[in-house]
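**Q** Residue numbering for the sequence shown follows the working numbering, starting at 1 and increasing by one per position.
Just so you know, these hints were derived from the structure itself, not from any lab. What you are looking at is a predicted structure, and each value in this text was computed from that prediction instead of being measured.
16 Å max Cα-Cα, derived EDC-like pairs, lysine to aspartate or glutamate:
1) Lys540 x Glu562
2) Lys590 x Asp539
3) Lys271 x Glu253
4) Lys271 x Glu284
5) Lys575 x Asp438
6) Lys590 x Glu608
7) Lys2 x Glu338
Cβ-Cβ distance ranges computed for the label pairs, FRET-style:
8) Glu608 x Arg256: 53 to 63 Å
9) Pro565 x Thr543: 14 to 24 Å
10) Pro565 x Arg497: 26 to 36 Å
Heads up, the beta-carbon is just placed ideally off N, CA and C, and yes, glycines get one too.
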Amino acid sequence: MKKVWSIANLDCAGCAAKLEDALASVPGVESVSVNFLAGTIALTASDERFDEVAVAVLAKAARVEPEAVILTDGSVSLTGAEHHHHKGGAHACKDGCCCHNEHEHEHKHEHEHEHAHASHHHDGEAEDGGETHVLARVGVAAALTLVALLIPDSAGWLRAALFLAAYLCVSFDVLLRALRNIRHGQIFDENFLMTVASLGAVAMQDYLEAIAVMALYQIGEWFQDRAVEKSRASIASLMDIRPDYANLLRDGESVRVDPRDVAVGDLILLKPGEKVPLDGVIVEGSSSLNTVALTGESLPRDVSEGDSVISGCINLSGVVTVRVSSTFGESTVAKILEMVEASGEHKASSERFITRFARYYTPAVCAAALLLALIPPLLLGGDWRQWLEQALSFLVISCPCALVISVPLTFFSGIGGASRKGILVKGASMMETLARLDTVAFDKTGTLTRGEFGLTVIHAENGDGQELFATAALAESYSDHPISRSLLSAHGKPVDRDRVGSVEEIAGQGVIASIDSSTVHAGNARLMASIGLEAPACDKQGTIIHVARDGAYMGHLVISDEIKPTSRQAMDELKALGVTRLVMLTGDRKAAAGEIAGALGIDDVRSELLPGDKVHAVESLLGEGHTVGFVGDGINDAPVLRRADLGIAMGAMGSDAAIEAADVVLMDDDPVKLARAIRIARRTMRIVHQNIAFALGVKGVVLLLGLLGIASMWLAVFADVGVAMLAILNAMRAMR
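Generate coordinates for the entire structure from the input sequences, incorporating the hints supplied.
**A** Now the structure itself:
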């Protein structure tokens, strides 16, 4: 069983990583992921032990992160967690349910209420003071400091008291968090580092430096929190496709209800400007749909009776009645939101490296700071005060917040930006693999071609193609064969069936029809041979329909699967991006596959393959050391989608199989979107590497300056908070 709960009041991504490590060690936990940016905990445990494991997890969270507020669904017995709550630690709330089962999403307003509820707990804690009062406390501290500076030297005790009051005003929340964390065995975090550094300055009676450093830290943290909140809001707005209500038709009247209360088969009414709340089929009316939130395409999609509509689109013009085909939990919008929201659970190697790095880096720097304060004075006879100041600066510099926050935020932003373009990436690890692709294998039908048969060639013996086409359409008008239906669809206008007399359909050959007192044969070469005609050869690939009237050959038509208009462009763009190998894997005949591949510029073609053969083909590419992506329709190609390094599905506007089987979903079936996805992934990775290099570079330089006695604690604060803010702002570029 897997459940996802909301969590509030985590100070930073480092706290989230620390909590995740702690919860992973709880017996019975199969997997756990704490997503600081999304504010969620995803917990997986066996069905029979889930409640027991959940209670242990909540109790562990209370010890590790005392201020955290975890919102559960009330289905778990919370005795252990409530016990910790009464002692003043973290707690789990039953009201404001925020539990998502694997195929269930809560309503938007309830979700917002839950976060508001969590924020209320945070702001209401007197000991914390609430981050909304941070700037006010900094202002009070500044005023007290100014008054202290005006006190004459003769009243030094009063000046010192005012300085201490200013220091406590601006720092008491940090001091309390540090003490609580130390009590629970959580030492090396930003609260501890700032506490030790500022108290050290106070001990040396550098009151101004202690106050200024803590004030700068608080202001920087405030701006940092605002930047993270802005990024969360921006990413959330990109996926604002969750419907608020549905207009359910009851006894001819429209009643506004929650989409989750609508059943399969119910009728709902869509008015202009409303979001489509559920998947269904139009039974009355016509309109245009804005699908930009799902596909990234700005052009409207015209729909009428008999057409399918999917949740998340916006109805632009007409009023239509829709018969619901899936419940809200199984709808396209629910599945998309689930995938995007769960993307933080699939962490990239860069994220895992930063988490491991922070785990060892901070204690190591703390040890180095201690040695820096002790070794030079003891061995070299230096000034204790000077080396202690340098050691305190060393501590402030060591906080790895810039890395721990900005790297996952960059991936989160990149995933959000891609979703805005109709490209759904299931996680940071998939984004990382997408950026590395050097080989892409494609299915043919439905991926590079439309998957719908159409008329591609008309070759009339006497040059009158329209007469040939019309005669063939009349002859095929009573047949239910897919080729016949494709021919009639290509004809585009109703045929006059009154002109058609008797019709005889010959299996495997074609039809013989009486049209206007003439006998028309329409079918393959064997049908022509049966009346003594030799059908001419055609160099075009597809199904050939030969037509003869009263024994005289009229010509032939070719019905084939058309290449998508953007497929050639997609191949060219992929080659330009450095994808060195393009492969077509198809079950079609060699000649048909070769013609399509030649038109698209694909050199490596493997035809007449069964699904298992495609898996073996991908495995052979993997064995050659390539990073392989496979692009398919997500229905017939599920095995090979899962076997490739990266499965990329043509989403067919929300195909269930595509979303389930693939790592990346191209929502509008446009192969060009793959090139765009790779560009987005590579840009995201560039920003990740920029942030890592920038943060480590600045910290390294300032640490060196600290060793040389040049870096002040003010500069150390910039190396911590300032660098984190700049890295966050850089990370947000990935959304564009």
